[in-house]
Amino acid sequence: MGATDAVVRSGVVSPFQASLRVALRRMQEVWARIRHSRTAMVGLAILVFFIGMAVFAPWVAPYGPIDRVADTSNCVPGVSCPLSPPSAQHPLGISEEGADIYSQVIWGSQISLIVGIFSAMVASVLGTAVGLVSGYMGGWVDEVMMRFNDVVLSVPWLVLMIVVAARIGTIDLLGLILVIGLTGWSITARVIRAQVLSVKERLFVERARMIGSSRSHILMRHIFPNAFPLIFANTILTVAVSILSEAVLAFLGLSIYNTVSWGKVINQAIGGGALVIGGNVWWLIVPGLCLVFLVFGFYLFGFALDEILNPRLRRR
Amino acid sequence: MRAVDGVSFDVKRGEVFCLVGESGCGKTTTGKALLRLVDATEGDVFFELPTEEYRRYEELRAGRAPDAAARIDAIRRKYSFSWTEQLAWDTRQILFWLGAVAAAFVLGVGLPALAAAGIPGALVNTGFILGASLLCGLLLGVIGSLPPTRPSARTPTVLALLSILAFNLFPIVAALGWPATLPGAPFDAPGIWATVWGASSFAMLLGVIVAPIAAGAASKIVLARRRETEGLLGVKMRTLRRRLHLIFQDPYESLNPKQSVFEIVSEPLVVNKIAHDPEEIAALVARSLEDAGLRPASEFVFRFPHELSGGQRQRVSIAAALALEPDFIVADEPVSMLDVSIRTEILQLMMDLREKRGLTYLFITHDLGLAWILADRIAVMYLGKIVEQGTAEQVISHPKHPYTQALISVVPSPDPRHLVKRTILKGERPDAVNIPSGCRFHPRCPVAFERCGWSADEVAEELTSLSSGGRLPGIIGIEAQDSRAVTLRMAPGVSAGVAAATLRQIVSENRDSRLALKGVAEIRESGDAIQVTLQSWAEPPLIELGPGNAVACHLVTPPAEAVPAVTA
Amino acid sequence: MHAVDGVSFDLDEGEALGLAGESGCGKTTTALSLMRLLPYNGKIVSGSILFRGRDLVKVSDLRIRKIRWKEISIIFQGAMNSLNPVRNIGQQIAEPIILHEKVDEDEATNRVGELLELVGINRDRRRDFPHEFSGGMRQRVMIAMALACNPKIVIADEPVTALDVMIQAQILELLERLRKELHLSMILISHDLSVMAETCEKVAIMYGGKMMEVGKTVDVFTDPKHPYTQGLVAAFPDIRGQRTMPASIPGDVPSLINPPSGCVFHPRCKFAFDRCTAAEPALAEVTPGRRAACFLYPGVPEVTPRPMTVEAR
Chain Z
1 MGATDAVVRS GVVSPFQASL RVALRRMQEV WARIRHSRTA MVGLAILVFF
51 IGMAVFAPWV APYGPIDRVA DTSNCVPGVS CPLSPPSAQH PLGISEEGAD
101 IYSQVIWGSQ ISLIVGIFSA MVASVLGTAV GLVSGYMGGW VDEVMMRFND
151 VVLSVPWLVL MIVVAARIGT IDLLGLILVI GLTGWSITAR VIRAQVLSVK
201 ERLFVERARM IGSSRSHILM RHIFPNAFPL IFANTILTVA VSILSEAVLA
251 FLGLSIYNTV SWGKVINQAI GGGALVIGGN VWWLIVPGLC LVFLVFGFYL
301 FGFALDEILN PRLRRR
Chain E
1 MRAVDGVSFD VKRGEVFCLV GESGCGKTTT GKALLRLVDA TEGDVFFELP
51 TEEYRRYEEL RAGRAPDAAA RIDAIRRKYS FSWTEQLAWD TRQILFWLGA
101 VAAAFVLGVG LPALAAAGIP GALVNTGFIL GASLLCGLLL GVIGSLPPTR
151 PSARTPTVLA LLSILAFNLF PIVAALGWPA TLPGAPFDAP GIWATVWGAS
201 SFAMLLGVIV APIAAGAASK IVLARRRETE GLLGVKMRTL RRRLHLIFQD
251 PYESLNPKQS VFEIVSEPLV VNKIAHDPEE IAALVARSLE DAGLRPASEF
301 VFRFPHELSG GQRQRVSIAA ALALEPDFIV ADEPVSMLDV SIRTEILQLM
351 MDLREKRGLT YLFITHDLGL AWILADRIAV MYLGKIVEQG TAEQVISHPK
401 HPYTQALISV VPSPDPRHLV KRTILKGERP DAVNIPSGCR FHPRCPVAFE
451 RCGWSADEVA EELTSLSSGG RLPGIIGIEA QDSRAVTLRM APGVSAGVAA
501 ATLRQIVSEN RDSRLALKGV AEIRESGDAI QVTLQSWAEP PLIELGPGNA
551 VACHLVTPPA EAVPAVTA
Chain V
1 MHAVDGVSFD LDEGEALGLA GESGCGKTTT ALSLMRLLPY NGKIVSGSIL
51 FRGRDLVKVS DLRIRKIRWK EISIIFQGAM NSLNPVRNIG QQIAEPIILH
101 EKVDEDEATN RVGELLELVG INRDRRRDFP HEFSGGMRQR VMIAMALACN
151 PKIVIADEPV TALDVMIQAQ ILELLERLRK ELHLSMILIS HDLSVMAETC
201 EKVAIMYGGK MMEVGKTVDV FTDPKHPYTQ GLVAAFPDIR GQRTMPASIP
251 GDVPSLINPP SGCVFHPRCK FAFDRCTAAE PALAEVTPGR RAACFLYPGV
301 PEVTPRPMTV EAR
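Those protein sequences? They're chains Z, E and V, same order as listed. FYI, the working numbering numbers position 250 of the first sequence as 250, with every residue one higher than the one before it. FYI, the working numbering numbers position 10 of the second sequence as 10, with every residue one higher than the one before it. FYI, the working numbering numbers position 288 of the third sequence as 288, with every residue one higher than the one before it.
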């Protein structure tokens, strides 16, 4: 039949290939729209900058994150001795333990980004799963899950994190990621559930039921893809929150022991007298600004992406 | 609240049947109930019912044969969608279930204990517990599917999970360190129990997975056997969905914006496992798209809904429906959201498909003009009831029901030369929660009379409006007594007799302009009040006037008894 | 992008004019321009709107605000669904009265009561909220609002589209009665030619932002001159006519960003010939009282191409 030949000839042989081509087209569309949005590009630029900082840290930072720059015996006062102010060789000064603060800031980006991104992924996956199942199944499943969610939500998150973190003992990367991830999923679950509830009522879901789709098919092929834009944008914003959570934990002293994060630097800065008159105020300000800008970058990109992916303009 | 009540019609193979009515008349709900997208609380939807069986069904329903119910059920079981076996568990089943759980418990706990005592090795424990889970699941699956229970695979799965939990409870409790000794056990140290459990925790995990699968498999087998022997149609709903289809009104919302046209059209095939071979799927998709008028198919296959026009989207919906090769399509206002110049194309397509593929259509529309040109037969609905039914000629050219007549008279024509006398009804369709008594149309009917269903509230309201216009001097209180009477109280000093006479006069003068007054049967003085009794009424049944032509109106099919009218 | 181009019609006192066309043909934009209510990215590039001797295009912003609602008012499309849900309808109808007429509350309340009775709603319902009314009643509220300041012209944009056919008849009857009682002029915008056939004396058919035909309704519908009008009239099923499938016009509505060259209808026109691709016909008189924009009729001139003053992005 002529028609079949045409479809086959156009390169489509399997539904899998078809889906791939379709997915590619969709991504191209989204990328084009990102390029057009000023907000998205600014956010993206910021993110690229910090990701570059993290990736190239070993080559960009002059020293390691906790390396003593010089021995106590032969350090130059005011330049390389602990608690030295900014100088030509050490643009941000030396910390109390003798490390170069400039390098610490550069290395710190790694931890902030890794912990932020991975814990956000943990929280997002968990929250999305709960939200999808809860929203779609409804009934007692929904009730039980939401009450559990309420319990997690109502526990003061900071206290919970501190308790869990303290209980674990020595904090390593995985521990930090898990702690932040496992306490941060509740809001995502609520948001996704709300979206699922609204998508569930849409006409094409009814039509999918009518042609005999099973519930899992509807959940995966109809509900999830339509909730995905929200999930993705939400994840990015969760990353911002996770970065801040990590900073807070580190600031309170619960931080990774074998390297630094910005929170830890700020913690040490306060401890090292940065706020005292005559102290090294840049020790505090620079990592703080880095945190702010990184979070800002995520927020910008996240908001812009939300606008792009959300079908707010329904073309009629 | 009964949105649709007492609707009964049949659609012959290959015809176009139009269900017409204004918004809120229940036509969409009826259409959806046909396909069981919405559950009907009562009544049957028969599919491919042979004529003799239908006749038998009607006879059984009308007559009073003693075994009528059982025989009707037999017909229902074979041909009706809405048949479900709704039966409760009896004691025998419950005991059976308890026995099975007990057996599984003993096996799941006792055997590992014995094993720990004599036979070393977690492997044996694993085997025992796995076996216990399998057995438990199978038993429960079979029990769950036996008559007289509801045919469903879910119940045994849940039961299996619960019993897994139950027979793991004991070792869990032991592992937590609480004193837990079986009376007479060869050992009583909680620690050993904990070891036993710990060693077979892997087996438990497997058991949790194995038992529901076993339960599901067992129940499927039992159900299949039952289906063969009893021929339950109600259970086959999912397979039947292939042959029945609904086309939605909104071409924008009925397509998933994240799916390409290919995915949308191939979904019914994939979901119903009709075609597995990718080439076959592609071929079927291409054929459906071309049949729906989207040529060449390759140009549309990778587009998304937002890249298509309204007409094209509706064609995609039709193509997706065609992919399943259905017999019967319910089309719910398929063109009302499209531009006028492309409506005809879509309708023409649907009619062509009817010829090419032998489809039968149920068109749901509010547009009488469309019904006029498309339908073989039409049923007009008002507030959940069919008021008139017949061929298009009968209903549109010679309407008999007052509502149909009014509706047709107000449909505008694009030809300004057609001057018609329009019967514009007053008021609006009442809410579905306030369905009028008797004939549902009577409050707005221009020719309603005594038997149509005037309620005490309506008559009281009419009398109140007369009174506030000063036409009933001396009457101060008008109250609806119950559903059949209205009481009026006089002002002090006014005699009941005189007031009653005035009332009679007013009523007989105004009954042609204020139709509610036709509901008054008798005006009597009782003590110092006036009692107004109302006419008895009945809801007009759908009565056949000729072959296939039926109307539900007392005017057309007058009831037997003579109706008394109030005269002065 | 020219949303509307080459539109020209006149409206006499007490007359009802219908603006007909399918979605995207520019009828709503035309109506909004009459009151200079175009959105921020729209502009009246050229032309004039003569109302009682004044050109509304050139009039100052202050003046036009005085004219809006007092002289010309509009019932927006789907407005019955845009009533403020947290204020009762009495307040909403009173709002333009208070703004324009500078009367006190009591008088405004009186006027609201009068208006409600005029449109067939019980006065006492003025304290009710929009959600307590059905669709048809809400449309009556919108009509009351439009009449609040006694305008001379009422523009009704798809006033009966979302309503049942019986309610549609009620509303049209109401508009007809109001037109006669209050000596209103009306511009009725709709895609439904049947509605227009019933209510309007004159009708103008629009397509792709241009006006295709203007004339008396009876004449235009019984003897359409423009091929598009012919196709459109034939596309409506007639419940009092034959039981035949109505005609359709093959093709799709034109994109206004990339309009076809020459006559905007030529890609779908079965009478198109080479002149139609090359030049655009202007709206000109083809028979007395009838204007059409089609080269099929001798004496129809071409439109002088206008440069785009607003650049398309």
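Among these hints, one or two may not hold up.
Stated by the list, open to error - Sample of chain V residues lacking proximity to chain E, with all beta carbon distances greater than 12 Å (derived): (1) Arg-36; (2) Asp-104; (3) Gly-135; (4) Val-195; (5) Cys-200; (6) Thr-217; (7) Ala-282.
Stated by the list, open to error - SDA-like mimics (lysine to any residue), calculated; alpha carbons at most 25 Å apart, straight line: (8) V:Lys-152 with V:Ile-64; (9) V:Lys-180 with V:Asn-84; (10) Z:Lys-200 with E:Glu-333; (11) E:Lys-400 with V:Gly-53; (12) Z:Lys-200 with E:Met-337; (13) E:Lys-258 with Z:Gly-212; (14) E:Lys-258 with Z:Val-281; (15) E:Lys-258 with Z:Met-121.
Think of the hints as simulated: they come from the structure by calculation, not from any bench. Source: prediction; values computed, not measured. Positions of the beta carbon are idealized from the N, C-alpha and C atoms, including for glycine.
Here is what the structure says about each hint:
Interface exclusion of Arg-36 (chain V) from chain E stands, the closest Cβ pair being 29 Å apart, more than 12 Å. Once the 12 Å rule is applied to beta carbons, Asp-104 (chain V) is consistent with being away from chain E; the minimum gap is 30 Å. The beta carbon of Gly-135 (chain V) is not kept farther than 12 Å from every beta carbon of chain E, the shortest such distance being approximately 8 Å. For Val-195 (chain V), the shortest C-beta to C-beta distance to chain E comes to about 6 Å, within the 12 Å cut-off, and the non-interface label is violated.
Distance to chain E contradicts Cys-200 (chain V) as a non-interface residue, since its nearest Cβ pair spans about 9 Å, not more than 12 Å. Separation of Thr-217 (chain V) from chain E is inadequate, the least Cβ-Cβ distance of about 6 Å not exceeding the 12 Å criterion. Every C-beta of chain E lies more than 12 Å from that of Ala-282 (chain V), the closest at about 24 Å, which supports listing it as non-interface. Restraint check for Lys-152 (chain V) and Ile-64 (chain V): the C-alpha separation of about 15 Å stays at or below 25 Å, so the hint holds.
Annotation: proposed proximity of Lys-180 (chain V) to Asn-84 (chain V) is violated, straight-line Cα distance about 30 Å (limit 25 Å). Our distance criterion of 25 Å between C-alpha atoms is met by Lys-200 (chain Z) and Glu-333 (chain E), whose separation comes to about 22 Å. Between Lys-400 (chain E) and Gly-53 (chain V) the alpha-carbon distance is near 55 Å, which puts this suggested pair outside the 25 Å criterion. With a CA separation close to 23 Å, the supplied pair Lys-200 (chain Z) and Met-337 (chain E) stays within the 25 Å bound.
Between Lys-258 (chain E) and Gly-212 (chain Z), the direct Cα distance comes to roughly 19 Å. Compliance with the 25 Å bound is thereby established for this hinted pair. Only pairs whose Cα atoms come within 25 Å are accepted, and Lys-258 (chain E) paired with Val-281 (chain Z) is rejected, the gap being roughly 52 Å. Restraint check: the Cα-Cα separation between Lys-258 (chain E) and Met-121 (chain Z) comes to about 23 Å, which is no more than 25 Å; the hinted pair holds.
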